[in-house]
Amino acid sequence: MGRFLAGRVLATIPVMGVVATIVFLLLRLAPGDPAAILAGDAASPEHIAEIRARLGLDQPILVQFAEWIGRLLHGDLGTSIISNQPVTTLIGQRLEPTLALATTTILFAVIVAVPLGVLSAWRHGTWIDRGVMTLSVLGFSIPVFVLGYLWIFAVAMQLQWLPVQGYVSFRQGFWPFLERLILPTLTLSVIYIALIARITRASVLEVLGEDYIRTAHAKGVGERAVLTHHALRNAAVPIVSVIGIGIALLISGVVITESVFNLPGLGRLTVDAVLARDYPVIQGVILLFSAAYILINLAVDVSYTIFDPRIRY
Amino acid sequence: MSAPAEPFIAHETAADLPDVRRARALWRNPGVVFGVAVLLIILLLAIGAAYLANVDPILLRPRFRLRAPSAIAWLGTDQFGRDVYSRVLFGARVSLFIGFAVATIAVVAGLIIGLVAGYLRLLDAILMRVMDGVMAIPNILLAIAMVTLSGAGILTVIVAIAIPEIPRVARLVRSVVLSVREEPYVEAAIGVGTPVPLIMWGHILPNTIAPLIVQGTYTCAAAILTEAILSFLGAGIPTEIPSWGNIMAEGRQSFQIAPWVILFPGFCVALTVLAVNVLGDGLRDMLDPRIARGMDNLR
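Residue numbers (my numbering), protein chains in the order written: chain A, 11 to 323; chain C, 1113 to 1411.
Bear in mind the hints are in silico, worked out from the structure with no lab data behind them.
One side only, chain A facing chain C, incomplete, derived with CB under 10 Å:
#1 V25
#2 V29
#3 L39
#4 P44
#5 I47
#6 Y159
#7 L160
#8 I257
#9 V265
#10 I266
#11 A283
#12 S300
#13 A301
Among the chain C residues that face chain A by a calculated CB cut under 8 Å, a handful are:
#14 D1244
#15 A1248
#16 S1262
#17 A1340
#18 F1367
#19 V1381
#20 V1385
#21 V1390
Coverage of chain C stretches by chain A, computed from C-beta distances (three or more under 8 Å per stretch; other residues unrestricted):
#22 1341 to 1352
#23 1372 to 1379
A virtual CB, placed ideally from N, CA and C, is assigned to each residue, including glycine.
Construct all of the structure, not just a fragment, from the sequences and the given hints.
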């Protein structure tokens, strides 16, 4: 177990290294003069030269790479071209809404999707199953922001049940905080629910064909107990694994959902940085999200041993 | 981190049937029929956009700003008075083209990388680590960074959407190569001294076609969605070209008074992507049930 853990943690290092290298090369291999593009159309030569110097683009590429990795290892993500603040500070200021939205979305999606998937597998081939699977394909096909605007249109504008946009920190009251997260959560969780429900269904369906399920039925275990204790427990590994892999989906979705609902999180930070061509910020957010994805999947891999005691590393 | 590559095992599917029966079997699949029908209609609308449009899609008419859908402007007008119906027709061209172009690039590049990785042990480890790294970067963010650095343009957007899709194809192809090269007929071919390129062409490549067609349709669906998202966020197609994402981006400020500017193109994106996804599911069921709509195909 200790050896597995160490090996698994070490295995994330090359992937993180590749991510850092790709992000580094993106700026250096961009066609044309990236400094000129980042400076904008109406930039003076001095401004372009300043940006080039700030990004270190005027130095030999190997020197740039060494300095870049060195700074990364010290937790330095550079400074914003626009606001001159350290990127880590900017990220720190925007972390709360994003974490709040991601947490409510993951919780809501798992609570809805796993029972749906189990139900679908249990009633395999019926209209319930077909309904759930149709909704799942639909969920994959609607762009996240269109869904967000649909919710705003129906719930906030027509019914006027919830506020349209904005964010209130939980320090200023729990209900106002939660109230403004309901629609974003409903928006962002749809694609995640579609994903988890589909995998849960496939995984439970496979397990339901096993001999021990028949044995459980034969010895008179109730339907619910068979589904939850025998089927779901044994189908857990692919489900947990897809929750981890789906984080990638969630990250892209966060960026979009935040701009639809005006949440001042990392997604808004990214979009604002794109519009202002503030590359150090974009780069910092990419590195942060990629690292989060890699670490969450590391945690998921390790958690297999809890969900399936047969897996011993 | 990587999802375990699915073993690829030869099996009886519609792919093994003679051509005529296979074609008939395809047409009995409701997903394939629905997908092809919807896509054909959208393709016809896109081709005929110039004849079907009521107004020039980029014509600014300040007097007709934010008009609700009516007999004159079927889907309403946007904040510059441009006709949403005409813009949606021309937008279909951009979306279909991008979906097709991205799928083609991703499949060709992924095929080459997958074949090399599956056949040359030396490069395999390196290539697959690079693919893992690309997959660890969220698609949209990678595309956003590339578009920001290269300036907006249709070609930039296509490349920016295609690159994050390549690893999925490469891993699929690699898993096919790894299992097919253990097949007795490939060993026999090696045994009688068939040159490597000929083995690739004659034995390995044909086995990748069915999974690639399925993966290609999923990639196409993802690309259409990603274009809409990128343009919507302001990091996509240049704003003067009416793409579905751009039309919706223009509707952001005025959504509460003119929701149609976002909802109609949004419906078109959803319908098109749904058609491609359902077509993909149908093709998969017919051609290759073993490619689960699993971990690797999701974004």
